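Visitor: Here is how the chains run, residue by residue.
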Amino acid sequence: MSASARIDGRELRTGLRLGAEVVVVGSGPAGATVAAELAAAGVAVVVVEAGRWWEPHEFRPGTFGAMADAFRDMGASMVVGGAPVPYVQGRMVGGSSPVNGAICWRLPRDVHRSWLADDGALSDALPWDVLEAVTDQIENRLGVAPTDDAVAGAKNRLMARGAEALGIEHRPIRRNVVGCRGLGRCLQGCPEGHKASVDRTLLADAEAAGAVVVSSVEVSSVITSRGRAVGVQGTADGGGAVRVMASHAVVVAASAVQTPALLLASGFAQGPVGEHFQAHPGVSMTGRFAEPVRMWEGASQGHEVTGLRHEGLKFEVLGMGVDLLAARVGGVGSDLAHHIEDLAHHADWGAAVRAEAHGRVRLVAGRPVVTYQPTARDVGRYRRGLRIMGEMMLAAGAETVDPGVRGFDRDVRDPRRLRDLEDHGPRSAAAFTAAITHMFGSARMGSDPARSVVGLDFQHHNVAGLYVADSSVFPSNLGVNPQIPIMAIAVLCARRVAGLDLDRPATDPVLSSSHTHGVSNMTIPGPIAARLELEDLMSMSGAQLWGLMQTGGRVDPDALAGQQFLGADLSMGRIGHAVLWETFRKAIVRDEEGRGHRGWNVKLEQRGTRGDQVPKRKRDGSEAAFAHYRVRTDGERFGWPRGFRVATYFDYGTAGNVFPDGFGFTPVVTVNGDDHDLVLGWEIFRVAGRFVAPSMFWAIRPDGPVDPVVTPPRAPRP
Amino acid sequence: MRRRSSRDALVLAIIGRPAGLPGPERVDLARFWERFDTLAPLHVRAGFGLATVAVSVIAPRLAGHRSGLASLDAIAADALVRRAAANPVTRPLLDAATIVACFAYFDDDRVEAAVRGGLEVAIDEGEEAQS
Numbered sequence: 001m002s003a004s005a006r007i008d009g010r011e012l013r014t015g016l017r018l019g020a021e022v023v024v025v026g027s028g029p030a031g032a033t034v035a036a037e038l039a040a041a042g043v044a045v046v047v048v049e050a051g052r053w054w055e056p057h058e059f060r061p062g063t064f065g066a067m068a069d070a071f072r073d074m075g076a077s078m079v080v081g082g083a084p085v086p087y088v089q090g091r092m093v094g095g096s097s098p099v100n101g102a103i104c105w106r107l108p109r110d111v112h113r114s115w116l117a118d119d120g121a122l123s124d125a126l127p128w129d130v131l132e133a134v135t136d137q138i139e140n141r142l143g144v145a146p147t148d149d150a151v152a153g154a155k156n157r158l159m160a161r162g163a164e165a166l167g168i169e170h171r172p173i174r175r176n177v178v179g180c181r182g183l184g185r186c187l188q189g190c191p192e193g194h195k196a197s198v199d200r201t202l203l204a205d206a207e208a209a210g211a212v213v214v215s216s217v218e219v220s221s222v223i224t225s226r227g228r229a230v231g232v233q234g235t236a237d238g239g240g241a242v243r244v245m246a247s248h249a250v251v252v253a254a255s256a257v258q259t260p261a262l263l264l265a266s267g268f269a270q271g272p273v274g275e276h277f278q279a280h281p282g283v284s285m286t287g288r289f290a291e292p293v294r295m296w297e298g299a300s301q302g303h304e305v306t307g308l309r310h311e312g313l314k315f316e317v318l319g320m321g322v323d324l325l326a327a328r329v330g331g332v333g334s335d336l337a338h339h340i341e342d343l344a345h346h347a348d349w350g351a352a353v354r355a356e357a358h359g360r361v362r363l364v365a366g367r368p369v370v371t372y373q374p375t376a377r378d379v380g381r382y383r384r385g386l387r388i389m390g391e392m393m394l395a396a397g398a399e400t401v402d403p404g405v406r407g408f409d410r411d412v413r414d415p416r417r418l419r420d421l422e423d424h425g426p427r428s429a430a431a432f433t434a435a436i437t438h439m440f441g442s443a444r445m446g447s448d449p450a451r452s453v454v455g456l457d458f459q460h461h462n463v464a465g466l467y468v469a470d471s472s473v474f475p476s477n478l479g480v481n482p483q484i485p486i487m488a489i490a491v492l493c494a495r496r497v498a499g500l501d502l503d504r505p506a507t508d509p510v511l512s513s514s515h516t517h518g519v520s521n522m523t524i525p526g527p528i529a530a531r532l533e534l535e536d537l538m539s540m541s542g543a544q545l546w547g548l549m550q551t552g553g554r555v556d557p558d559a560l561a562g563q564q565f566l567g568a569d570l571s572m573g574r575i576g577h578a579v580l581w582e583t584f585r586k587a588i589v590r591d592e593e594g595r596g597h598r599g600w601n602v603k604l605e606q607r608g609t610r611g612d613q614v615p616k617r618k619r620d621g622s623e624a625a626f627a628h629y630r631v632r633t634d635g636e637r638f639g640w641p642r643g644f645r646v647a648t649y650f651d652y653g654t655a656g657n658v659f660p661d662g663f664g665f666t667p668v669v670t671v672n673g674d675d676h677d678l679v680l681g682w683e684i685f686r687v688a689g690r691f692v693a694p695s696m697f698w699a700i701r702p703d704g705p706v707d708p709v710v711t712p713p714r715a716p717r718p
Numbered sequence: 001m002r003r004r005s006s007r008d009a010l011v012l013a014i015i016g017r018p019a020g021l022p023g024p025e026r027v028d029l030a031r032f033w034e035r036f037d038t039l040a041p042l043h044v045r046a047g048f049g050l051a052t053v054a055v056s057v058i059a060p061r062l063a064g065h066r067s068g069l070a071s072l073d074a075i076a077a078d079a080l081v082r083r084a085a086a087n088p089v090t091r092p093l094l095d096a097a098t099i100v101a102c103f104a105y106f107d108d109d110r111v112e113a114a115v116r117g118g119l120e121v122a123i124d125e126g127e128e129a130q131s
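Chain order of the listed sequences is S and C.
Take the working numbering: the final residue in the first sequence is number 718, and no numbers are missing along the way.
Take the working numbering: the final residue in the second sequence is number 131, and no numbers are missing along the way.
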């Protein structure tokens, strides 16, 4: 793949502005799939990912290293509810796929039927036969196959033995791995690259077809113009602002937590965004076996028990590093030391619960907060799951099992005690040690805008050109591992974005696809320019305007000369606008004495930004001009606040105003690339020799030739 | 420095002295704490800090010791931390602290390798004398 198609946000110290036909937020299973499908159709795609690229040799064996470097919040993001439960999300190129268990499940037919039963229109949006065909293609691309017994290891064989003894249906897990050697480090990242995670497969396909991947950039908002999504803004890990403008669509694929958070941060609060958060909380059981288990060997998660899926329970061997296993076996001090000596004899299995609880994702102080409380029935499934796991472990030969339930035995040897756990164990979720790894539903799709966030075409009900592609669109949780269904549904989203028929793949020879960047064969109803207008900036936050400032283009004073401009203040708020002004006029001319350019402001009757602009008049009938300025281009010599760099600025101090020299400056940038159809200014003051920079912005757009030319009250200084 | 010593002492007490593996006092915890302090989210650092204060500083004094956990011998430290694990107030703190302690201990590649490889690690006479 081309190294030039990658931009590393860790190296971005200044602003970066990019353009594409489609920008995809997130590079996990959904984002990578959308990018691959669109790029194959010849669409110019830019993928923006918060995490960084990882090479296999960088993955260390310890869980802490993986969690600290490659997961959000060190894998300890917590839901808020009756019991604090961690939810785990990868933060790297590939999303969680480089550090998940590689477990692959097709979308269960019964789940699909339940979706259609609730909203019959989904049968057109998610046709079963198309999903099956797409899933076949994905599984083929990822090399999905049952775990080879040669790499299963003792831990996986023990689960098979236990399930067989109890007569519960079980099987080797189907995984997306190629050439697995059973290193047991799927959850820390395979150091030999045997996991066919999406960064190494679908995203690689996207890059080969011309997609650009921008990593280590956290997208903070979606940009809109006239109600249409036209790009995204964010901040690179290196400190620079990033803006990617999209001429056709913005596709958000940032996970069931980050996607609703981004929608809320962008002001798209319509519909149940963030609501209906669903998950698969998992509980786990450790057991001590006389025979060596050596949990760190063999396929990390190579065997599963499927026979109780109808009860909302699915069991799988857990893979984890030695450090986390040590923390799971219980005890402190000499007790823990003994367990650590004995670690090779311990197994840890998990039960994923298809919970019925609905939670919510909200934005608090700019950060996502998830509230989630398992229901009483969900807790009942915890108890049942632990009972079944314990019975399987004992049947497989465990000497003792530990359910890890507060207030219950830590050393269980009798299956009847496990029945007691199910029947009489704690009713509070707080007594159980659980974790969440699969999340869904927080921007669900549907035909009714009152009950869904995106429509049957994955497009936001209220924002044209904005699509959501990840598990947040799922009408419910699945009860099984979701990465394959996520990818399959993301393919359908991509085809909707591109205007393709759902059953026509991007590589269909009927479409003469081109891999040239910027050339598209999509059936789009007319070209759509990804440009911003003055009115778009008037609804932006200070943070968004600052982002535009950092990614703006250089202003050429000659391009402004001879024109007057309609301006709008972007920061003073309603009170400031009522007391002072919201709209104003600026005019710029070449200095009559050949010393560059100068300009002035004119007060306007406050009539908004549409329609004729009428200047206010002084008593003598002349226009109410004020605040003259020079337009200078030596701004690089200044140390502007916040490390900002800009050449062109308005200098109010030497222009013949009545207020002190050297008091006011306004760095200016173009908003739409090289075009001067929209200019953004940032008000900066100098007090006692130091710059003071409140977040005060204005913007101007051309409004005809200058008439009349106004002379400043005093002779301007050079 | 005092705070670091208290949390080191907590890790040592939680881990105990697994036979056949490098003792936790031989592990370079400073390298782990540097990454932990930088990368762990606030609630994790705060939780471990609370556990450190509760078990390393307060609990020893409530148990009649004149100083904190760092000054206790191995037997007294073990007894104290096991008592704290049985206490319903400090148990949740210790549950979370145990995860951090295991991360810290196994962050040393020698420990990880010793467990995976099943190797015996020689215990020098100095350590035997101290215990």
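Simulated from the structure, these hints should not be mistaken for laboratory data.
It is possible that part of the hints are untrue.
[Said to hold, decoys possible] Which residues of chain C face chain S? A partial, calculated answer using Cβ under 7 Å: (1) ASP37; (2) PRO41; (3) ARG45.
[Unchecked claim] Okay, the calculated bits of chain S under chain C, using three or more residues with CB under 8 Å as the criterion: (4) 71-78; (5) 242-250; (6) 456-464.
[What the hints assert, rightly or not] Partial list, derived from the structure: chain S residues whose beta carbon lies under 8 Å from chain C: (7) PHE64; (8) TRP296; (9) ASP323.
Quick caveat, the model's predicted, so the values are computed rather than measured.
Built from N, CA and C at the ideal position, the CB exists for glycine as well.
Visitor: Per the CB criterion, is C/ARG45 less than 7 Å away from chain S?
Guide: violated (10 Å)
Visitor: With 8 Å as the cut and Cβ atoms as the points, is S/TRP296 at the interface with chain C?
Guide: Holds: closest Cβ of chain C sits about 6 Å from S/TRP296, inside 8 Å.
Visitor: Between the region 456-464 of chain S and chain C, see if three or more residues pass the 8 Å beta-carbon test, and mark the coverage as holds or violated.
Guide: violated (count 0)
Visitor: For the hint on S/PHE64, just tell me whether its beta-carbon gets within less than 8 Å of chain C.
Guide: holds (4 Å)
Visitor: Just to be careful: measuring from the Cβ of S/ASP323 to every Cβ in chain C, is the smallest value less than 8 Å?
Guide: holds (4 Å)
Visitor: Apply the coverage criterion to the region 242-250 of chain S and chain C: a residue qualifies when its Cβ sits closer than 8 Å to a Cβ of the chain, and three qualifying residues are needed.
Guide: Not satisfied, violated; 0 residues make the cut.
Visitor: Quick check: do three or more residues in the region 71-78 of chain S have a beta carbon closer than 8 Å to a beta carbon of chain C?
Guide: holds (count 5)
Visitor: Taking 7 Å as the limit, does the beta-carbon of C/ASP37 come near enough to a beta-carbon in chain S?
Guide: Constraint on C/ASP37 not satisfied, violated at 11 Å.
Visitor: Once the shortest beta carbon distance from C/PRO41 to chain S is found, is it less than 7 Å?
Guide: It holds, given that the least Cβ distance between C/PRO41 and chain S is near 4 Å, below 7 Å.
The structure fails to meet hints 1, 3, 5, 6 from the earlier list, while all remaining hints are met.
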